Structures are given as C-alpha cells and as structure tokens.
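Colleague: First to last, the protein sequences are chains A and B.
The first sequence begins at 1 in the working numbering and counts up one residue at a time.
The second sequence begins at 1001 in the working numbering and counts up one residue at a time.
The hints are simulated quantities; they were obtained by calculation from the structure and are not laboratory data.
This list has only true hints and no planted wrong ones.
Derived pair list, reagent style DSSO-like, types lysine-lysine, alpha-carbon separation capped at 30 Å:
hint : chain 1 : residue 1 : chain 2 : residue 2
1    : B       : Lys1172   : A       : Lys195
2    : B       : Lys1024   : B       : Lys1004
3    : B       : Lys1172   : A       : Lys11
4    : B       : Lys1124   : B       : Lys1043
Given the structure is predicted, the values throughout are model-derived calculations rather than measurements.
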Amino acid sequence: MYRLFDNIIEKDGANSFVLAAKELLSRLDIEAPVLEKSKPDIATEGKALNQEAFLYNCAYNLALAKGEGADLICVEDSSYTSLNVAKIMLLEDNNLKNAVLQKLQKDNLELCIDTKVLHINEILRDVVGFDKLQKMVEKPFDKFNIAVFNGNKTQNLETNDSILTLVGANIVSFETQNDSDGYEILSASKELAEKLAGKIMLDAFDNAADFVVTNDARSFVMFEPRQKSLECCVGRDIELSVFSTTQVVLMALGCEDKSKLGLDFHKVPTTLI
Amino acid sequence: MECKLVLEVFRFDCKTDYLPYYKKVVVKIDGEKTVADLLAVIKDDEKLFEYPTGENAAIKINGKSLFTTQKIEDIKEFFGKELQLDPLNARRAQKDLCINEDDFSERFDVLDAFVDASDRKLYKSYIREHYSSPILNMEEDFIGDGLLAFACDMIQKYPDRREKILEAISKKESGVWLHVNISNKLYPQDTSLEGKIVYLKNEILNEDSISDAFVDAQRNISRGM
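All chains should be built: construct the whole structure from the sequences, respecting the hints.
Modeller: Right, dumping it as structure tokens:
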C-alpha cells in the first residue's frame, strides 16, 4: 500500500510535480492516495534554520504513513532526501530521537523510522519495471536532447538517466549540471541566486538542450517560474522548458492533457507535438 | 601498475599571456604514485611548467578540487584516463597551476583577533573549500567557505569566543548566508562542510546578541516552522 507525499517544498510553484505524479500513477494502475494531514517538507534549507522542526515534520509524516500501513512515495528529490536524512539522524542520535518522540506522543503518534520512503523513479524501476514501461511508450523523445540538472545529488542518478533513455531521449552533458541552482541563497541575495541559476540554464541552452529536466522542486522554481528574471540577470534569452522526469514519461506515454501534465502551472509556454 | 593518462594541462603566464590555453600531454605513470608525482613528470618535459607544492598543494582535476597527495590509481578509477588539470581558481592564475592566494590569506583577518596565530595552519588546510565556491568569483566580500569551516572548528576549540566568531560570520552580504553546497566540487566528495554550515546557522539564530534585520527575519522564519 502506498501514500503519495504532496506537501512538497515550494508547493505552489512546483505543483506540477504532484499533478503529473498523480496522473502517471493512475495510468500505471498504482493506487497511491495522498497522505492526508501531512507536515510540509522544509528541506535542507529549513533544517539549517530549525533542525528540530525539520526532524519533527519528517518524523510526523513517517508516523502518519506507518499508521496507515503504507509506504511513502515522494514525487521529487527534496522530500525524498529530507525523509531519508531524518531517518538516519534519528537512528544515530538518541537525544534527537527522544525529543522528537516526546513531541509525537502529544500527537498520539509513534516514532517509525522503518517507514519505507520511495522515490517515484524507484516505483517506475522496481514496481512497474523498465521493460513494461518501454513497451508503453507511444511518443518517444528520440529527436530531443535533454539537459538533466542534478545539482549536488549523487543518489538515484542512474535510475533517472535510465528512465529518460528508455523513452528515447538523448542526454546531453553540460559543465554546470552539478552546480548550485542558487535556491539556498535566495533569501540572502536574489541577485546572486539568479546569476547561479541563469548560468546553468544558459549552459544547458548552449549545449543544444531542447529542454531541461530536474526532479527537485527547489531547482524547478529557480529555473521555470523565474526564467524571465534569469534572462534579465544574465542578459540573454533562455526560453527553455523545464520538466520533471514524471512529466517526460507521461508525455512519452501519450498524455497530451496540459492540466494533467501540470503544464498549466508552468510559466514557459510548451507546445506539445 | 603503470597506467597511461591523457592530460589537458592549463598553461598561462600572467606576465606574458593574454589568455590561457591547454597543452595535451600523454604520460605513463605508476598508479601508486600521487598527483604531485604526476605534476613532476610533466615538469620533467616542460621545464617552465609550474605547479603548487607543499603541505596544502591543491589543483582541480575535471572540475573538482583536490590535494596533490591523492593517488593516481584512485584518480583514474574515479575520473577515467582523460584528465583536465586546472588551477584551483583560473581567474587567479599566475603561472600555470599556481595561483595568487592573497585573497585566501587575507580572509583569515576576519577571525584573526579571536584565534591564535598557530591556528592559521589549520585555516590553510581549507584552501580547497575556499576556491570551490562559485560565490567567490561573484561577490568579492564573501568571506569564503574555508573561513566558515575554520570558524566552526574555532568555536569548538574556543567556546568562550563563540559569540564573537559567530558575529564575524553572520553578515548577510558576506557571511554564512551566502554559502552554497560545494560537496560535489571536492574530491573525494566531502559533506562535512555542509554539517558545519547547518551548525553555524543554528548557532547564530540561537545567539540573541546577534541582531540585524536579516538574521532577525531568519529567526522569525525559524520560529514559525
């Protein structure tokens, strides 16, 4: 049994992650209702400001899912990282564990570090299977060059690349694919943050990318809704669409409904062909 | 075991060159040797070639900052046999892989009054962190990730100087708030700095004597979480 975690960071700006994941899971006949009454993911940026709140929110969500006997599906990287980092921190530090335990008891919840946290890419790999997924592809991306932005992430990169490759895409390499997207300094310096993000988008553009893929809600809100601002910052037009892997897979499976793809929430116009 | 490496070596002389260029070099070297040994082999053929030496000698290989004490066989396993050798910061290149490190040395002054002169040795070991941050080339007032890592160490060493050290690194325009994750820019990948940054930010927010508009705003966000 699964529950979908939809209380992602930058929920308003990155709502397309949730919408596309819901549609994809539905098409794959995987039942994953939303985890109701969850606490928001405050991400590593929130952890730096209030570690206790970060751990409590994560532990709360893990406990809620366990209470429903479900594994948690994360639709993007930040929530996946937060929940897994919190599990490790709670395992390794008894003081933190006890503090969180006490707070959860007030909510009538039990601390559950063993709740399974899955990335939607892992669902595609392990539950659906790459062979089945490939057979379902109706509109391959074999004429497209994709720039995959990974930032500082080192986990699950191969799975993501495999999914994009099996839908026919050509993944282009670009120098800044592991750079900071600037999100972490946005509150301190919008200008520097947008310079960092703008440089990455220009690099993707200059390496002949047709669009950019990121699976992190924070990177998405830097690259997509802010793109006009990034263009002003770097002094050049960018005009590159930004999608999640889930959206790319959905399109490859033949979905053309922009609202189901979450494209209604995008600022850069996308023409489906 | 001997291995063959195909190198693109950054060459530049600030006294004579307008732009840097890369020289292709093919070398055979024992995998047990270090990057410093590899650089010495290059110099055998290119007498004018210069590279950093000494305790904290570091360069960039394929975009990642590393100390030249790293073993060749580890480098080859991680990066492959085609390697691009660059200085830690190309903008500060003086001669080939040697750079002007004055900015790194000067940043020590920010904490000089709160630490002992002997602590400078530890500070110098954070040269990779200092030059790995992209912010350094964008904001000249940024105190640098090397100093932030050092500040965390000094708070542990001198708990009674904690408040002063925190205050010195808490400025919105130049301090810890401009740090971006550089763990992927270091070889071997190192996430310890990120832990230190989280610690420093938490400590600043918990230190009520540090008060400016930005820190207060962060404090309010933190309390609302």
